[in-house]
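Asks: Based on these hints, arrange chain B on the given structure of chain A.
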Amino acid sequence: AQSVTQLDSHVSVSEGTPVLLRCNYSSSYSPSLFWYVQHPNKGLQLLLKYTSAATLVKGINGFEAEFKKSETSFHLTKPSAHMSDAAEYFCVVSETGRRALTFGSGTRLQVQP
Amino acid sequence: EAQVTQNPRYLITVTGKKLTVTCSQNMNHEYMSWYRQDPGLGLRQIYYSMNVEVTDKGDVPEGYKVSRKEKRNFPLILESPSPNQTSLYFCASSSTPRGSTKGQYFGPGTRLTVT
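Residue numbers (this note's numbering), protein chains in the order written: chain A, 1 to 113; chain B, 1001 to 1115.
Since the hints were made in silico from the structure, they are not lab data. Any given hint could turn out to be false.
[Said to hold, decoys possible] Ranges between beta-carbon positions, derived for each pair: (1) V1054/B - K58/A: 30 to 38 Å; (2) V1014/B - A100/A: 42 to 50 Å; (3) T1013/B - S80/A: 43 to 51 Å; (4) N1084/B - D8/A: 39 to 47 Å; (5) I1012/B - L56/A: 25 to 33 Å; (6) R108/A - G1063/B: 22 to 30 Å.
[Unchecked claim] So, partial list: chain B residues that the calculated Cβ filter (under 7 Å) puts toward chain A: (7) A1002; (8) L1041; (9) L1043; (10) T1055; (11) G1058; (12) P1061; (13) R1098; (14) G1103; (15) F1106; (16) G1107; (17) P1108.
Nothing here was measured: the structure is a model prediction, and the numbers come from that model. Yeah, the Cβ is synthetic: ideal placement off N, Cα and C, and Gly gets one too.
Okay, chain B solo, but in the shape it has when bound:
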C-alpha cells in the first residue's frame, strides 16, 4: 500500500530538548516536504527536498532542520524547540512538486506540544 508514515504521532516535550520527527515514504518519490498546520493559517511549508541531498527552505524554516540522505526518508529536526513550535506537522511526498494525478501524498500528522 502506498503510504507516508510519520513517527511519533504525538509528542510532548520541553523547551530546548532536541527532537526528531521521522518521515518515510514507500513510493520512490523524489519530492518530499514538511508543513506545519496552525488554526486559521492553513498549512505552511517548512522545508522541501527535490531529491537526495537536495533540500531548500519553504515559507517558515526558522528553528527547523532537515536532511535527505536516502530517497525514502526525510526527517524533521528541532534542535532547540520553543513553545511557538507547538503545532500539527505533516510530511508529504510526490513524484513532482505539484504531484501527479493524485497530488501529494500526506502522512497522518504529528501533533507536537512544547512546554
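For reference, chain A alone in the conformation it holds in the complex:
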C-alpha cells in the first residue's frame, strides 16, 4: 500500500531564508513522487515530479526535491523564500501500476517579510 506523511502542518520562514518542507513516503513498489502547490482559493499546480530518473529533481519557481530511497524521503527545498511562495504544499505518491494518487495532509508555508 502507498502512503505519504508530511511531517509539518505549518512552516514559517522569513523572506530570503531557505525553505524545507519534509515528506516521507511508504510504497511497496517503485514510486513516483510529486509536489503540488495550492495558492489561496486556487486549484493545484504541479511543482515537480520524480519518476526514477535523476534523484535530484528541479521544479518551477526555484524549488527542488531529492529522492532518498534509504530514508524513504522526498523533501522539498528552496534556497531563498519569496512572499509569493506562501501557499499550501502537498506531497503525493503513486506506485508503479497503481492508477490512483495518494496525497499527504499538506504543509502550509508562511513567509514573513
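Replies: Chain B alone, transformed into the frame defined by chain A:
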C-alpha cells in the same frame, strides 16, 4: 487555453436533495478524477476514470456516483447528500494517471455545503 472547468463553484443544499457537479476538460485527456479536500486530510480521491465508460473507486467513494459517457465530461453525482459530504471538491484530468510533464490539471474547485 487548456483548462478544467467545474460548475457550480459554490453550492449550498439540504440533506437528501440530489445534486450533480459537472467537470469538463478541453485537452482530450483520457484520465479524469474527483477529489475532496478537507482540513488536515489533504486531498482524497473519490473516483477516477481511465477512459469513456471506464470508472473505478478511489479511497472514499461512499455516497458518490460518477459517469463517463463522453471523454471531456466527468460529472460527480450525490444522490442523497449528507452533512459529512460538506467539503471542497476538485476535478482533475491528465493524459495518464501520473500526468505528463505538467502533472494533473486541476479545476478551480467546488465548495459544497450540505445542511
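Asks: Give me the numbers of the hints this structure contradicts, sorted from smallest to largest.
Replies: 2, 4, 5, 7, 10, 12
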